[in-house]
Amino acid sequence: MTEVVVWILVVLGTVVQVLSVLGLLLARDPYDRLHFTGPASTIAPVAFALAVIVDEGPVTQAAVKSVLTALALVVLNGVLVHATARAARIREHGSWGLLPEERAGVD
Amino acid sequence: MCAAVLLASLAPLIVLCARAPVMDGLVALNLAGTIVTLVLLLLAQGTHRQPFFDLAVVSAVLSFAGGLAFARFLERWV
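Top to bottom, those sequences are chains G and U.
The numbering of the first sequence is the working numbering, which starts it at 1 and goes up by one.
The numbering of the second sequence is the working numbering, which starts it at 108 and goes up by one.
Note that these hints are calculated values from the structure, not bench results.
Here are the simulated distance ranges between beta carbons: (1) G:T2 to U:P158: 20 to 30 Å; (2) G:T2 to U:A111: 21 to 31 Å; (3) U:P119 to G:A104: 39 to 49 Å; (4) U:C124 to G:W7: 28 to 38 Å; (5) G:P100 to U:V168: 39 to 49 Å; (6) G:D29 to U:L117: 19 to 29 Å; (7) G:R103 to U:H155: 57 to 67 Å; (8) G:V15 to U:P158: 23 to 33 Å; (9) U:E182 to G:A27: 20 to 30 Å; (10) U:V112 to G:S95: 34 to 44 Å; (11) G:L26 to U:R179: 19 to 29 Å; (12) U:I121 to G:L19: 10 to 20 Å; (13) G:R103 to U:V165: 35 to 45 Å; (14) U:C124 to G:G94: 20 to 30 Å.
As the structure is a computational prediction, the values presented were derived from the model and not from experiment.
C-beta atoms are modelled at their ideal positions from N, C-alpha and C, and glycine is treated no differently.
Kindly produce the complete structure, drawing on both the sequences and the hints.
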């Protein structure tokens, strides 16, 4: 039973990663592509960490390190996505702030 | 087997990094860092070697730092 659960979690994480890569390849611009790093950095690491926990037990060195890895990916990915989107926008428009036409829509 | 599938999925990302515009390449690099980290995690568990888990932890943090540095420099200077 434990092996089945582990396999389901590992296959789930792998399928999510492969679908994320496919989505990233098919998207048109960097902003669209950034969306596909989300599932790859949240669902897959959590699934793999859960698989290690189920396989090894919750208070083993492997489980703690895999949870730490998943936590790092989940937390830091949001920061990285924001930094990348910010860089893309500054590169495209020259500044991070609202453009005049965007400001007109807000006001 | 799943680690091999994930490793294979790195190939299109490498092609994207080489061929696509620079910001698209940066997004592909970010995802590649995540995939490499997870491959290390799977290999550590598959081979039952504890030190490999440390590599996964370090890879998670360093791929973030690398992506952040690239994003910062690609904003204006590169």
